[in-house]
Amino acid sequence: MESDMNIPREEAMYISRICWYKFKKVARLALYTPFVVCLASGTLENDTFLSFLGQDNYYYKAFAKAYEAAEKYTDDDDAKYALRDLQRIATREFKVQDSFLQEWDADIGKKCTLNPITLKFTEFLKATASGKIEGVCAEKFETEFERTKLPAYIFGAMIPCLRLYANLGMKLLVFLQGNPTHQYRIIIRNYASESLEELAKKNENLLDKLSITLTSHELSIVEKLYEKAMKIEVGFLLGQPLDQKSVIPISREHNLDEERLVIFFKFDSTCSVIDSSAILAEMTIVSAPKSDENQPENQPENQPENQPESQPENEPESQPENQVVRLLSEVLNSTWDDICKDYTDEYEQCIDTLLLTHEKAEKLDYERLHKALEQLSDFEKRANTRVSESGVLRGLRLDEIKRVGELMVLQDGCKIFFQSIIKNEQLNADIHALSCCWCSDLIRSAFSSDGLDVVNVHANEFIFEENLSTGVIVKKVEGPFDKVQIFSEVLNNYNDDKKNLTVHIGDTVSDLLCLLQADIGIVINPSPNLMRVGNHFGVSFIPLYRGIIEKQKTYAKKDSTSWNKLSGVLYTVSSWAEIHMFIQGSIYTD
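Note that this note's numbering numbers the sequence shown so that position 230 is 1159, with each residue one more than the last.
Hints in this document: simulated from the structure, not taken from any laboratory.
It is possible that part of the hints are untrue.
The calculated DSSO-like cross-link candidates involving lysine-lysine, where the alpha carbons are at most 30 Å apart (straight line), are [what the hints assert, rightly or not]:
#1 Lys1100 - Lys1344
#2 Lys1174 - Lys994
#3 Lys1009 - Lys994
#4 Lys1160 - Lys1344
#5 Lys954 - Lys1480
#6 Lys1160 - Lys1024
#7 Lys1310 - Lys953
#8 Lys953 - Lys1009
#9 Lys954 - Lys1482
With beta-carbon atoms standing in for the labels, derived distance ranges [claimed, not checked]:
#10 Phe1470 - Gly1064: 38 to 46 Å
#11 Tyr1276 - Asn1396: 40 to 48 Å
#12 His1146 - Thr1282: 57 to 65 Å
#13 Ser1377 - Val1103: 41 to 49 Å
These numbers were taken from a predicted model, which means no experiment stands behind them.
Ideal Cβ placement from N, Cα and C applies to all residues, glycine included.
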């Protein structure tokens, strides 16, 4: 029986595009391997570079045998012709690469032996070509008809290597601009060449052609082979022997006895998929009493003239003295809508006013930024007071909040990143969540499983009476000033026996002071307002990868590197996986 994960049959003709779309994020992580960082910066040692190129001969032989196997098993004459053409192009590419090697070292072929990480890919490709595929019974390919499916599987295992390097070349080209003396410019240009792109596209087109007759289940096998091959290739780059210092991963140069890594992060939207305020709002509305549930039983149709007037529609019946009084669901819905609309409108006005009342700075002006954020801090306090006084958070059960927290969906890669930090015994690391969330119990519950209960949570709190929230918020973290104060207090509470390396991960204006005070401020998909405010006060936002390359150039010259707070530079990323590769180093390897 086919699983729900199977690819629809009608998408067979686009299988190469589907696979690339799904796994190009994995390919992007190749940029964050120490080998590629040293290559891009031009600081890679020659012996390491030659050792890497020396593995091409083994790759070429594996590809040649795979093409032969695909030609043997296909029953399509056009496909056979296309395969011979691909073999010709692949041979040409290998000869170009080999000529580079000969220029560097004529005896390189004799010196380079098969690397174990190269063997992993060649054995994987060999096994695929012979029908030994994980999750597929070997007897499946005993019939001639079933063997005609093998060429599609072979291409699913080969293409990621070609596509990864073609993509890598294009990404690295930018680092050749203005640097005509880059010692590896020829190899980078070759990876970015039209000929390699042509080889990759022709392979992809043939995969699409060979996949047309596959079932949905068989297409899913192609996808799994594609994913595994991509991860093996990233692992190949990650595992390149590197006998030199590299600025990444951070953990590589971490001295357990002398240093401490302190990671701060914002929870809502940075870590969680859905904002906690929206979750708490939904909980209150769903669990609140409805108007028809509050009508007394057997109430006469017409009340006597001297009977007291009925309660207003928006008030529940009188409650016992110790019971938390709740608003009706209909009233809650309307009140929440008003609160959200007012908050959004007033927040935008606050940012606009903040920018209009302060001159634009050419470089970081932290003091003026700090002064300007007083307006935002005051606004956030007023907004929280409005929520607390409205009564919309009354009656939430503590056990329900914890249960919902445990089920919260976090951003892709977030949980894996923190787990890896905690499990790494070579890192002396502490993790702190700095959040304006109204209920710290919600965040703690989100990190209560999978070994993440060591995360320190700094957030606001609810007051509970007999397991029910009173609607009152104990305000501990309301805006940028509270966050940066806690940031400083955490660091001040450490002994002076170790040097702190601080990282802050956020995405909004309220994170700005902490981002700048951290040695490394990382912004995930920065909000437009964060960019506006930051740029206005002289903050520079640059892609993390570009910053890493520049640091590597400095590292090579000075034999040391430093990440400094208040540098005025914040680093942008699009995923937690990039942060993982930057700090921890190993992810998505098979």
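- request: Find the hints from earlier in the document that the structure breaks and name them by number, from lowest to highest.
  value: 2, 7 and 11
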